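*Asks:* What follows is each chain in one-letter form.
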Amino acid sequence: MGHIIKVNQVQKKFQQTTALDQISFHVSEGEIFGMLGPSGAGKTTMIKLMTGELGKTAGDLEVLGKNPDAFHRSSYKAQIGVLSDNSALYDRLSVLDNLKLFCKLYEKPLSRIDEVLELVNMWGEQKKIVSKLSKGMRQRVLLAKSFIHQPKLLFLDEPTSALDPGNTAHIHRSLRKLNEEGTTIFLNTHDMQEAADLCDRVAFLHQGKIQELDRPSALRYKYSSHAFHITTFAEEELVIENTPDNAAEVAQLIADGAVKEMHTDNPTLGDIFLNITGKELV
Amino acid sequence: MNVNRISAIFEKDLKDFTKNSMLFFMPLLPIILAVFYSRMGDGEDLPLFVIYLIVGVTYSAVTAGFMMMMMAEEREKNTLRGLTLSPASFIEIIIGKSLVTTLLTFASLIIALLIMGIGPLLNAKAMIGLIILFFFFLFLGIGVGLFVKTVGMTTAYMMPLMFLFGFTPMVESLQFEEGSMVLKIFATFPISQMIKLGEDGSWSHIGIVSLWTLGAIAFTYICYIRTRKDS
Ligand SMILES: Nc1ncnc2c1ncn2[C@@H]1O[C@H](COP(=O)(O)OP(=O)(O)O)[C@@H](O)[C@H]1O
Ligand SMILES: [Mg+2]
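Each protein sequence line maps, in turn, to chains A and B. My numbering applies: residue 1 is where the first sequence begins, and numbers increase by one. My numbering applies: residue 1 is where the second sequence begins, and numbers increase by one.
For the record, the hints were derived by calculation from the structure and aren't laboratory data. All the given hints hold, so there is nothing to weed out.
Listed below are the simulated DSSO-like cross-link pairs for lysine-lysine, each with C-alpha atoms no more than 30 Å apart in a straight line:
#1 A/K177 to A/K48
#2 B/K15 to A/K135
#3 A/K127 to B/K15
#4 A/K128 to B/K15
#5 A/K135 to B/K149
#6 B/K77 to A/K152
#7 B/K77 to A/K132
#8 A/K66 to A/K48
#9 A/K132 to A/K100
#10 A/K127 to B/K19
#11 B/K149 to A/K56
#12 A/K13 to B/K77
#13 B/K15 to A/K100
#14 B/K149 to A/K100
#15 A/K132 to A/K177
#16 B/K77 to A/K56
#17 B/K19 to A/K132
#18 B/K15 to A/K132
#19 B/K77 to A/K127
#20 A/K108 to B/K15
What you are looking at is a predicted structure, and each value in this text was computed from that prediction instead of being measured.
Next up, chain A with everything else stripped away, as it sits in the complex (with noise of 0.2 Å):
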């Protein structure tokens, strides 16, 4: 498969902040990539420099086979979707004209808009204006909006932040949803357990550096101490080394019918992003 985004040490500088330093990745066609920091640590600027919202200040950058030069061209717009994190619809008028008007904009049919409101769980709430939706609804129309013209590229930044976890449930399961039809997206959060959940691969971004970048999988058994944690029915807390040399310390442990509980360390993505960086997610 093609890669979809490519990012060769890309800089953003903005005055005396450098917002992003010796930035690359790519993002392969039909992939959820994740982008994990705490704020400030440049995430919504690298999705801006990928909407042609902002200029890079140095290095390569590829998407959707073209460079920046293109970021405002139709065409290039046409094949994008974004859900920033200061997306607005227009208050005064109801879901479906907010919709409508899209529809039009990218050209669409307006029977698309029955389809993604289905897709985030709002069908039915058509008619509703929309200063009267709570946060989390207008979140999801707000997501509809993003991909009403069916984007191959979805940019979404911090989709499900102060949201409930219902609300952020039911995003879940529509990123999943627009995925699995082909939707390649682009994820910025700042939410370990969101990134671990839907991303093929994260990055972990840290004052404008990537720190990491694989499978949340890989990352786990990367930074894991690789030992076996016993709980014994006497609640003694053992860790044992996952060697060859323990397997018969451990082999006795259960033959003993002394194992309450054994699990591997697993460390959750906010742990390994904690012993990388010395900082919280938040």
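On the provided structure of chain A, position chain B with the ligands as indicated by the hints.
*Replies:* Only chain B with the ligands this time, still in chain A's reference frame:
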């Protein structure tokens, strides 16, 4: 240029206008003034400067005022970004957004002029001048709307602009000395030039109004470039 996209924005703005009570009063203002002045005139023809006062009020309150508020609101609420990230070009967005304003401006102006007596403006030169003058106010409104960051701030700009460019004919009644600098400056303002056009019919006045319009276009362009930079 894509007509579907322009009409989509127009439809959206039209619906939005019918739900925005804040804007409803503005197109009525020139009509109310027209009624008021024509009562004072005792059925005689109103002087040209009164007619242009109403034109100035319509263009500054409805044309510039609407554009300002609509652009500022799109920016304040960040909906403009949704439009610029769509395939719509900035020109398409501007045209789409100007259509509601254009419609309301001319509806309001024509009613007001019918009330006052449209006679003095029924000639080709006056019509051409009025159209160029319309674009001056339209671009002035777009520029200010892009320049300010909130709808609230538009009122701060609206008042001085209304007085300078809308109520220009009133300056004469402020009792400045004959030939004073202030009067000379105001004489070059677009509405003053339109009144002169009505008096002597010289194309030079249309030329000066056109220069003002070009200035307003340049101002809008600078404001547009600025909004792109600070995103
Ligand atoms: N327009 C801007 N002008 C100056 N500095 C900026 C601008 N946008 C972002 N920054 C800075 O760049 C850094 C990264 O910001 P951002 O990309 O918003 O991070 P994140 O989205 O991960 O929270 C921050 O230090 C921020 O202050
Ligand atoms: Mg951000």
